[in-house]
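Make the full structure from the sequences, and use the hints.
The chain contents come next:
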Amino acid sequence: MLKDITFGQYYESNSLLHRTDPRAKIVLMILLIVFIFLAKNLFALLFATACVGCIALISRVPFRLYIKNMKAILPVLIFTAVINLFYGDGGRILLEVWKLRITTGGIYNSVFMALRIVLLIFMSSVLTYTTTPNDLTDAIESLLSPLKFVGLKGAVHTLAMMMTIALRFIPTLIEEAEKIMNAQKARGADLESGGLVDRVKALIPILIPLLISSVRRAYELAEAMECRCYNGGEGKTRMKQMHLSNTDFLVSAAAIIMCAGIIILNILL
Amino acid sequence: MNDAVKNVSFDINQGEIIGIIGHTGSGKSTLVQHLNGLLKPTEGTVLFENEDIWKNAKEIRKIRSKIGLVFQYPEYQLFEETVFADIAFGPKNMGLSGEELENCVTETASLIGIKEEYLQKSPFDLSGGEKRRVAIAGVMAMRPKVIVFDEPTAGLDPRGREEVMKIISDYRTATNATVIIISHSMEDMAALADRIIVMNKGELVLFDTPEKVFASAEALREIGLDVPIVTRVFAGLRAMGVAVSPNVFTVSQAVEALVQLKEGAADA
Amino acid sequence: MKMENIIEIKKVSYEYTEEERIFAAVKDINLNIERGSFTVILGHNGSGKSTLAKMLNGLKRPTFGDVIIDGINTKDEEKELEIKRKVGMVFQNPDNQLIASIVEEDVAFGPENLGLSPAEIRVRVDDALKSVGMYEFRKSTPHRLSGGQKQRIAIAGIIAMQPDCLVLDEPTAMLDPKGRAEIIDTLIKLNKEKNITVILITHYMEEAEKADRVVVMNDGEIIADGLPAEIFENVSLLKSVGLDVPQTTELLYALKQKGFRVKTNVISIKETAASIAAALGSEEK
Numbered sequence: 123m124l125k126d127i128t129f130g131q132y133y134e135s136n137s138l139l140h141r142t143d144p145r146a147k148i149v150l151m152i153l154l155i156v157f158i159f160l161a162k163n164l165f166a167l168l169f170a171t172a173c174v175g176c177i178a179l180i181s182r183v184p185f186r187l188y189i190k191n192m193k194a195i196l197p198v199l200i201f202t203a204v205i206n207l208f209y210g211d212g213g214r215i216l217l218e219v220w221k222l223r224i225t226t227g228g229i230y231n232s233v234f235m236a237l238r239i240v241l242l243i244f245m246s247s248v249l250t251y252t253t254t255p256n257d258l259t260d261a262i263e264s265l266l267s268p269l270k271f272v273g274l275k276g277a278v279h280t281l282a283m284m285m286t287i288a289l290r291f292i293p294t295l296i297e298e299a300e301k302i303m304n305a306q307k308a309r310g311a312d313l314e315s316g317g318l319v320d321r322v323k324a325l326i327p328i329l330i331p332l333l334i335s336s337v338r339r340a341y342e343l344a345e346a347m348e349c350r351c352y353n354g355g356e357g358k359t360r361m362k363q364m365h366l367s368n369t370d371f372l373v374s375a376a377a378i379i380m381c382a383g384i385i386i387l388n389i390l391l
Numbered sequence: 074m075n076d077a078v079k080n081v082s083f084d085i086n087q088g089e090i091i092g093i094i095g096h097t098g099s100g101k102s103t104l105v106q107h108l109n110g111l112l113k114p115t116e117g118t119v120l121f122e123n124e125d126i127w128k129n130a131k132e133i134r135k136i137r138s139k140i141g142l143v144f145q146y147p148e149y150q151l152f153e154e155t156v157f158a159d160i161a162f163g164p165k166n167m168g169l170s171g172e173e174l175e176n177c178v179t180e181t182a183s184l185i186g187i188k189e190e191y192l193q194k195s196p197f198d199l200s201g202g203e204k205r206r207v208a209i210a211g212v213m214a215m216r217p218k219v220i221v222f223d224e225p226t227a228g229l230d231p232r233g234r235e236e237v238m239k240i241i242s243d244y245r246t247a248t249n250a251t252v253i254i255i256s257h258s259m260e261d262m263a264a265l266a267d268r269i270i271v272m273n274k275g276e277l278v279l280f281d282t283p284e285k286v287f288a289s290a291e292a293l294r295e296i297g298l299d300v301p302i303v304t305r306v307f308a309g310l311r312a313m314g315v316a317v318s319p320n321v322f323t324v325s326q327a328v329e330a331l332v333q334l335k336e337g338a339a340d341a
Numbered sequence: 402m403k404m405e406n407i408i409e410i411k412k413v414s415y416e417y418t419e420e421e422r423i424f425a426a427v428k429d430i431n432l433n434i435e436r437g438s439f440t441v442i443l444g445h446n447g448s449g450k451s452t453l454a455k456m457l458n459g460l461k462r463p464t465f466g467d468v469i470i471d472g473i474n475t476k477d478e479e480k481e482l483e484i485k486r487k488v489g490m491v492f493q494n495p496d497n498q499l500i501a502s503i504v505e506e507d508v509a510f511g512p513e514n515l516g517l518s519p520a521e522i523r524v525r526v527d528d529a530l531k532s533v534g535m536y537e538f539r540k541s542t543p544h545r546l547s548g549g550q551k552q553r554i555a556i557a558g559i560i561a562m563q564p565d566c567l568v569l570d571e572p573t574a575m576l577d578p579k580g581r582a583e584i585i586d587t588l589i590k591l592n593k594e595k596n597i598t599v600i601l602i603t604h605y606m607e608e609a610e611k612a613d614r615v616v617v618m619n620d621g622e623i624i625a626d627g628l629p630a631e632i633f634e635n636v637s638l639l640k641s642v643g644l645d646v647p648q649t650t651e652l653l654y655a656l657k658q659k660g661f662r663v664k665t666n667v668i669s670i671k672e673t674a675a676s677i678a679a680a681l682g683s684e685e686k
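Protein chains in written order, with my numbering: chain A, 123 to 391; chain B, 74 to 341; chain C, 402 to 686.
Among the clues, some could well be false.
Capping the alpha-carbon separation at 30 Å, the derived lysine-lysine pairs in BS3-like fashion look like this [said to hold, decoys possible]:
#1 B:K285 <-> A:K301
#2 B:K204 <-> C:K455
#3 C:K579 <-> A:K301
#4 C:K480 <-> A:K275
#5 C:K579 <-> B:K79
#6 A:K323 <-> B:K79
#7 B:K274 <-> A:K323
#8 C:K579 <-> B:K239
#9 B:K335 <-> C:K659
#10 B:K113 <-> A:K301
#11 C:K540 <-> A:K362
#12 C:K461 <-> B:K285
#13 A:K362 <-> C:K595
#14 B:K335 <-> A:K301
#15 A:K358 <-> C:K664
#16 C:K671 <-> B:K335
#17 C:K480 <-> A:K358
#18 B:K335 <-> C:K657
#19 C:K579 <-> A:K358
#20 A:K358 <-> C:K531
#21 B:K335 <-> C:K664
#22 B:K128 <-> A:K323
#23 C:K640 <-> B:K335
#24 A:K323 <-> B:K239
#25 B:K113 <-> A:K190
#26 B:K79 <-> B:K135
#27 A:K358 <-> C:K595
#28 B:K335 <-> A:K323
#29 A:K190 <-> B:K139
#30 B:K165 <-> A:K301
#31 C:K657 <-> B:K239
#32 B:K204 <-> B:K135
#33 C:K480 <-> A:K362
#34 B:K139 <-> A:K301
#35 B:K128 <-> A:K221
#36 C:K540 <-> A:K301
#37 B:K239 <-> C:K595
#38 C:K657 <-> C:K480
Hints were generated in silico from the structure; no laboratory data involved. None of these values were measured; they are calculated from a predicted model.
This is the structure in structure tokens:
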């Protein structure tokens with residue numbers, strides 16, 4: 123449920139990947155996804171699949187949770203597979219209906235693309251299952267910090283502050299929306315029936331109070347931040363310092379070997 | 074899954090004032106949301122005038138106009154441009170329109186003391202106490218036969234609290250409605266309620282008259298509640314050897330009892 | 402020994418304009434707060450007590466007069482941060498004061514803004530959380546906590562900046578009785594153990610029971626100022642300005658009017674019972 127956004131999809135455990143620096147995890151995940159898309163032949167992709175499988179095992183996150191995420195994108199997956207089915211060139215023609223023909227090449231293509239997407243989802247799931255949204259926010263801020271040197275200092279800080287406040291207030295606002303919805307239902311509001319226009323209209327009694335209360339909250343929060351000496355991030359330090367440890371180097375080395383493996387298989391086969 | 078409310082049974086008679094007490098998280102709010110069908114019981118039934126409110130699920134909105142529910146801090150649900158329009162929201166959802174609707178709104182407003190010139194104002198220009206009054210009017214305008222309040226005086230100052238309590242009793246006098254109030258104030262409950270429901274961890278612990286409920290001081294303390302302050306003062310007096318009754322819950326009862334005691338002593 | 406004043410309010414008025422008319426929320430107030438004291442400011446909604454509170458750390462600046470914090474005038478814009486650091490402020494709605502979604506990170510927000518070293522922040526955060534009794538919740542997320550717990554986190558967030566003075570604007574108004582008791586106990590502890598000056602603004606009279614001093618405001622003015630027992634003596638004044646009078650006081654007051662010779666300047670249940678017993682006893686003689 124979105125109410126628990128603080129922990130997002132985070133799955134509590136103490137695996138190697140849980141202990142890895144979130145910055146390292148983000149960079150390595152992006153790297154691996156790029157290389158998965160660079161895999162040209164089936165062997166390279168199967169190797170990547172094996173690697174991703176190992177990563178998922180190391181994460182100590184129950185397999186069903188990965189499957190759950192997969193179900194959510196099932197429509198996209200099927201759509202991609204079907205489209206690619208007809209884009210295969212070469213190979214034996216298996217079926218021909220009107221202008222559409224399915225070839226062995228098409229089937230190969232379709233499986234190849236679907237597998238890539240599955241791996242992509244797996245990789246991003248590993249990241250979100252092993253990292254709390256808070257750590258992700260801090261990591262993104264830290265990774266973007268070089269932008270400070272090109273005159274975007276304020277922007278990086280503002281973005282990080284926005285993400286922090288959003289994480290903090292989304293559960294509060296969802297709870298509030300539910301409360302208002304119930305209160306209007308208690309006054310006989312009909313939120314379930316009618317056409318599209320009716321339903322959109324029925325949202326007004328919920329959205330207006332929610333908007334008003336959000337503005338009030340924002341105003342009060344700004345005052346509270348001012349009282350806690352907030353000064354737009356000028357001279358701000360951080361309690362939590364991120365340090366790269368041996369674990370991070372180990373994980374990075376493993377990820378680079380995986381990438382190299384994909385390239386070697388690409389060239390050799 | 075945890076049950077927020079489990080195996081609760083009780084009957085409420087027409088015209089009664091029922092108090093519900095219990096500390097935060099005891100299931101009081103969940104319980105009252107079952108009364109008007111905002112929540113559907115996973116087990117058991119809720120009967121209104123001897124009929125299961127979920128007998129015809131499509132008609133549940135009709136039940137909500139018969140059993141009104143005023144949430145905590147109801148002023149946060151105001152949304153219309155004028156006080157009039159906001160009070161009219163409920164009755165309009167019930168199907169009232171035109172003159173009928175207009176009469177309903179003006180009658181409700183005058184019943185609970187909202188001045189006529191206020192009706193065309195924006196509800197957002199009113200003070201906190203006035204906003205709450207308008208929000209309560211929005212539920213009362215549906216003329217519910219049972220009206221449930223979840224901590225109606227929370228966050229108000231004494232003047233505001235007095236006003237809200239007066240609105241509730243005015244509505245009851247005018248319509249003979251049944252009133253159910255969730256409250257943290259044992260003092261208010263002692264002064265108001267015919268019977269009190271005590272909730273703890275989702276279960277109904279006690280359901281009886283204030284005299285009987287507040288006689289179980291120990292049981293109440295065990296679940297983080299207490300008896301009214303005056304009752305505690307009288308317990309203190311008894312501990313000091315003054316012969317006073319344990320069944321005193323309100324200031325006026327206490328004054329009466331002590332005056333009698335004093336006169337008795339003077340006579341003797 | 403003369404006590405040092407942490408706050409001096411000199412002939413302060415605050416005016417605002419609404420629909421082209423000028424209103425005064427605070428009218429020509431003089432008030433000194435001694436370092437290390439526990440002061441309660443009582444007043445109903447709209448008595449000017451919140452405006453006064455916001456002038457104590459420069460969130461609002463007086464239209465006329467001066468507010469001096471530990472020798473610094475709040476009009477000195479260059480000292481703005483120093484003033485906010487010295488006078489910490491806690492508001493009514495705990496939800497709208499917490500910034501981070503992990504308790505300890507929220508408490509760290511103030512010290513981080515002060516630019517302290519990570520090690521120093523860690524020490525202050527742990528210490529602040531312990532002093533409000535929330536250390537074991539340091540890894541929790543605020544929205545799963547009770548109102549009283551959230552409000553204690555908000556207080557810890559201020560304490561971590563090591564202020565001289567803590568101003569709380571109706572911190573208990575949205576809490577249940579248990580949460581209210583938690584906050585009052587925490588404040589008494591902080592005042593006694595850490596010697597933090599506490600200014601508690603409220604409309605609940607019983608919260609003033611343990612204070613060193615009670616100031617009553619009405620219509621932008623101070624109408625009474627004294628020891629709790631002195632103030633509570635004057636029940637009719639408190640009632641006339643729309644304040645919450647506890648039932649013990651109400652009972653004693655009613656008895657007095659019926660000719661009982663009771664002491665009316667007590668609030669606790671024990672003292673009330675003793676006061677009534679004494680009055681009954683003297684009657685028998």
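Do the hints match the structure? See the list:
1. B:K285 <-> A:K301: violated, 34 Å
2. B:K204 <-> C:K455: holds, 25 Å
3. C:K579 <-> A:K301: holds, 23 Å
4. C:K480 <-> A:K275: Roughly 25 Å between the alpha carbons, so the hint for C:K480 and A:K275 holds.
5. C:K579 <-> B:K79: Roughly 24 Å separates the two Cα atoms, so the pair holds.
6. A:K323 <-> B:K79: Violated. A:K323 to B:K79 sits at ~37 Å, over the 30 Å cutoff.
7. B:K274 <-> A:K323: The given pair, whose Cα atoms are some 39 Å apart, is violated under the 30 Å limit.
8. C:K579 <-> B:K239: holds, 27 Å
9. B:K335 <-> C:K659: The hint holds at about 11 Å.
10. B:K113 <-> A:K301: holds, 16 Å
11. C:K540 <-> A:K362: With Cα atoms ~13 Å apart, C:K540 and A:K362 stay inside 30 Å; holds.
12. C:K461 <-> B:K285: violated, 52 Å
13. A:K362 <-> C:K595: With a Cα-Cα distance of about 26 Å, the restraint between A:K362 and C:K595 holds, given a limit of 30 Å.
14. B:K335 <-> A:K301: violated, 52 Å
15. A:K358 <-> C:K664: violated, 55 Å
16. C:K671 <-> B:K335: holds, 20 Å
17. C:K480 <-> A:K358: holds, 18 Å
18. B:K335 <-> C:K657: Holds. B:K335 to C:K657 sits at ~13 Å (cutoff 30 Å).
19. C:K579 <-> A:K358: Violated - the C-alpha atoms of A:K358 and C:K579 are around 36 Å apart, more than 30 Å.
20. A:K358 <-> C:K531: holds, 24 Å
21. B:K335 <-> C:K664: holds, 16 Å
22. B:K128 <-> A:K323: Given that 30 Å is the threshold and the Cα spacing comes to 29 Å, the pair holds.
23. C:K640 <-> B:K335: holds, 27 Å
24. A:K323 <-> B:K239: Distance of about 35 Å is beyond 30 Å: violated.
25. B:K113 <-> A:K190: Status holds; Cα separation ~28 Å.
26. B:K79 <-> B:K135: Holds. B:K79 to B:K135 sits at ~26 Å (cutoff 30 Å).
27. A:K358 <-> C:K595: holds, 26 Å
28. B:K335 <-> A:K323: violated, 67 Å
29. A:K190 <-> B:K139: Measuring from Cα to Cα gives roughly 43 Å; hence the hint is violated.
30. B:K165 <-> A:K301: holds, 21 Å
31. C:K657 <-> B:K239: holds, 27 Å
32. B:K204 <-> B:K135: Between B:K204 and B:K135 the Cα gap is close to 26 Å, so the pair holds against 30 Å.
33. C:K480 <-> A:K362: Since the Cα atoms of C:K480 and A:K362 sit roughly 28 Å apart, the hinted pair holds (cutoff 30 Å).
34. B:K139 <-> A:K301: At roughly 20 Å apart (the allowed maximum being 30 Å), A:K301 and B:K139 satisfy the hint.
35. B:K128 <-> A:K221: Answer violated: B:K128 to A:K221 is near 56 Å, above 30 Å.
36. C:K540 <-> A:K301: The hint holds at about 27 Å.
37. B:K239 <-> C:K595: violated, 45 Å
38. C:K657 <-> C:K480: violated, 52 Å
Checked against the numbered hints above, the structure breaks hints 1, 6, 7, 12, 14, 15, 19, 24, 28, 29, 35, 37 and 38 and satisfies the rest.
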